[in-house]
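Visitor: Add chain B to chain A, keeping to what the hints say.
Chain order of the listed sequences is A and B. Going left to right, the first sequence walks through residues 4 to 268 as the working numbering numbers them. Going left to right, the second sequence walks through residues 4 to 268 as the working numbering numbers them.
Hints listed in this document are in silico derivations from the structure and should not be mistaken for laboratory results. For clarity, every value in this text was computed on a predicted model and none was experimentally measured. Just so you know, even glycine gets a beta-carbon here, dropped at the ideal spot from N, CA and C. Please note that a few of the clues may not be correct.
What the hints assert, rightly or not - Chain B side only, calculated, beta carbon under 7 angstroms to chain A, not exhaustive: (1) Asp-23; (2) Ala-103; (3) Asn-121; (4) Val-123; (5) Ala-131; (6) Ser-136; (7) Thr-138; (8) His-139; (9) Val-146; (10) His-162; (11) Ala-166.
One letter stands for each residue in the lines below.
2 protein chains.
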Amino acid sequence: MVTGKEGKVTLVSAGPGDLDLLTLKAAKVLASADVVLLDDLVNPEIITLAPRARVIRVGKRGGCRSTPQAFIERLMQRYARRGLHVVRVKGGDALLFGRAGEELAALREAGVRVEIVNGVSSAFAAAAGLGISLTHRDHCQGVIFVTAHLRDHSEPDWHALAATGMTLAIYMGMSRIESLCATLANTLSTATPAAVVQWAGSVNERRVTGTLGTIAAHAQAAGLGSPAIILVGNAIGEAALFAQTSASFGSHAYDALEDALRISA
Amino acid sequence: MVTGKEGKVTLVSAGPGDLDLLTLKAAKVLASADVVLLDDLVNPEIITLAPRARVIRVGKRGGCRSTPQAFIERLMQRYARRGLHVVRVKGGDALLFGRAGEELAALREAGVRVEIVNGVSSAFAAAAGLGISLTHRDHCQGVIFVTAHLRDHSEPDWHALAATGMTLAIYMGMSRIESLCATLANTLSTATPAAVVQWAGSVNERRVTGTLGTIAAHAQAAGLGSPAIILVGNAIGEAALFAQTSASFGSHAYDALEDALRISA
Numbered sequence: 004m005v006t007g008k009e010g011k012v013t014l015v016s017a018g019p020g021d022l023d024l025l026t027l028k029a030a031k032v033l034a035s036a037d038v039v040l041l042d043d044l045v046n047p048e049i050i051t052l053a054p055r056a057r058v059i060r061v062g063k064r065g066g067c068r069s070t071p072q073a074f075i076e077r078l079m080q081r082y083a084r085r086g087l088h089v090v091r092v093k094g095g096d097a098l099l100f101g102r103a104g105e106e107l108a109a110l111r112e113a114g115v116r117v118e119i120v121n122g123v124s125s126a127f128a129a130a131a132g133l134g135i136s137l138t139h140r141d142h143c144q145g146v147i148f149v150t151a152h153l154r155d156h157s158e159p160d161w162h163a164l165a166a167t168g169m170t171l172a173i174y175m176g177m178s179r180i181e182s183l184c185a186t187l188a189n190t191l192s193t194a195t196p197a198a199v200v201q202w203a204g205s206v207n208e209r210r211v212t213g214t215l216g217t218i219a220a221h222a223q224a225a226g227l228g229s230p231a232i233i234l235v236g237n238a239i240g241e242a243a244l245f246a247q248t249s250a251s252f253g254s255h256a257y258d259a260l261e262d263a264l265r266i267s268a
Numbered sequence: 004m005v006t007g008k009e010g011k012v013t014l015v016s017a018g019p020g021d022l023d024l025l026t027l028k029a030a031k032v033l034a035s036a037d038v039v040l041l042d043d044l045v046n047p048e049i050i051t052l053a054p055r056a057r058v059i060r061v062g063k064r065g066g067c068r069s070t071p072q073a074f075i076e077r078l079m080q081r082y083a084r085r086g087l088h089v090v091r092v093k094g095g096d097a098l099l100f101g102r103a104g105e106e107l108a109a110l111r112e113a114g115v116r117v118e119i120v121n122g123v124s125s126a127f128a129a130a131a132g133l134g135i136s137l138t139h140r141d142h143c144q145g146v147i148f149v150t151a152h153l154r155d156h157s158e159p160d161w162h163a164l165a166a167t168g169m170t171l172a173i174y175m176g177m178s179r180i181e182s183l184c185a186t187l188a189n190t191l192s193t194a195t196p197a198a199v200v201q202w203a204g205s206v207n208e209r210r211v212t213g214t215l216g217t218i219a220a221h222a223q224a225a226g227l228g229s230p231a232i233i234l235v236g237n238a239i240g241e242a243a244l245f246a247q248t249s250a251s252f253g254s255h256a257y258d259a260l261e262d263a264l265r266i267s268a
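Next comes chain A alone, as it looks inside the complex (with noise of 0.2 angstroms):
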């Protein structure tokens, strides 16, 4: 397929899991696309909004080796210069880890026209289903979204991220979970309030909570692994006495959605 028209690609935020957490634009754009790059970790439901497309499979899950960065590049430049519009979607926010700085540098110097869709990160996500603000005003004054998963296999400074005295939302930290609580704990109370929300956003999502001596066990015993963020930090605290009150929070997530889908059918 090759059109008349300038090509480009669409860097799309996919959100956490549920469609329902894409944007309006999101899915506006996948209306359009011509060719759709999957990254690992987005819904594979997400393809049934984009009827037009060709879907091609980037992940790096399903037991096959992990697509290299190069060959995406290229593909997604490939396409773009053929004039069709390349839509690249990427879970979470795709601005927030996942390559996109590469994929954006890559795609500027070969002058391939691009625009990026934004989305929901996992970490608000997290917050949601906890019931909790990430920055309650009482606890801190901010958050810090950091990687465990270096590409030097360093760790980051936990140290200095601890001392700011701000929540902690770190994604990709479920293999060293255990260490990862030990080193905060060199900085902060191991009573510091925890929590562990897995597949958070989606249908699938578990979460537990518990401080920071004792999140790594609770993890573990309930049987989460990745992909998971894990929250540390006072404000995490409120997701005990949310969870008190509003123990079926999980099962009523989906009723104002019911509500409107009855009501606009």
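Guide: Relative to the frame of chain A, chain B by itself:
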């Protein structure tokens, strides 16, 4: 209006301004709202999505005095107790700044059922406008979302935040941008890339780029004021490269959307 069913409050994130950056879920919840409580900084056109609702503006702008927080909380409880679906709309993502923590606690204590719908926070929209990742892995391991506006008029520990090496996304800092940048320059080089984006993710978006040493003057010269996001960090340096090759990015941002609308029309 009194119904037989159980009332509830849904805390809905309105995103950064453009209604197309609302989630599908937010749009569905608004469609089913009986009462909408609208915060300041939310695009007022959002009420077109809530045709059944009584709309109450509880913002702090427009020449009126601030609506007392306790009054807002009582209002939500009163309507929910009448069996109504109250939708409390906040800008950005409701769980980042903006007192959601206090409102959730008050509703919880009152035994009112509450749900949360996430959205796009304005720092993500600012990064999208600049064409950059907030966390390009060549430059940093994460991002800090911090408010410069503290309840007790004190300052966050800027040295501790800057020392982490993370991208800083500073909310509500425009009234003191000059002193804020000067303070950060005690820890970071004045050559550190920086940007200011006003009304990020709305049709009124305006942005300037520079360095920690120049950005306050650039923002002032361009007449940028609140509401704006101040971004500081090496990852922000990619914005200058992007601007060189995509001068017309702003005007292109809605093309995909227009294409999509034409197709579905």
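Visitor: With reference to the structure, classify each hint as holding or not holding.
Guide: A quick look at each hint next to the structure:
Restraint check, Asp-23 of chain B versus chain A: the minimum CB separation of about 4 angstroms is within 7 angstroms; hint holds. For Ala-103 of chain B, the interface hint holds, since its Cβ comes within 7 angstroms of a Cβ in chain A; the closest pair sits about 4 angstroms apart. Because the closest C-beta pair between Asn-121 of chain B and chain A is about 4 angstroms apart, less than 7 angstroms, the hint holds. Given the 7 angstroms rule on beta carbons, the hint for Val-123 of chain B holds: about 4 angstroms separates it from the nearest Cβ of chain A.
For Ala-131 of chain B, the suggested interface contact is upheld, since its CB lies about 4 angstroms from the closest CB of chain A, less than 7 angstroms. A hinted interface residue such as Ser-136 of chain B counts as satisfied when its beta carbon comes closer than 7 angstroms to some beta carbon of chain A; here the least separation is about 4 angstroms, so the hint holds. A least Cβ separation of about 6 angstroms between Thr-138 of chain B and chain A falls short of the 7 angstroms threshold, and the interface hint therefore holds. Given hint, His-139 of chain B at the interface with chain A, holds; its Cβ is 3 angstroms from that chain's nearest Cβ, closer than 7 angstroms.
Look at Val-146 of chain B: its Cβ gets to within about 5 angstroms of chain A, closer than 7 angstroms, so that hint holds up. Restraint check, His-162 of chain B versus chain A: the minimum CB separation of about 10 angstroms is more than 7 angstroms; hint violated. At its closest, the beta carbon of Ala-166 of chain B sits 6 angstroms from a beta carbon of chain A; the interface hint therefore holds under the 7 angstroms criterion.
In this structure, only the earlier hint numbered 10 is contradicted, and the remaining ones agree with it.
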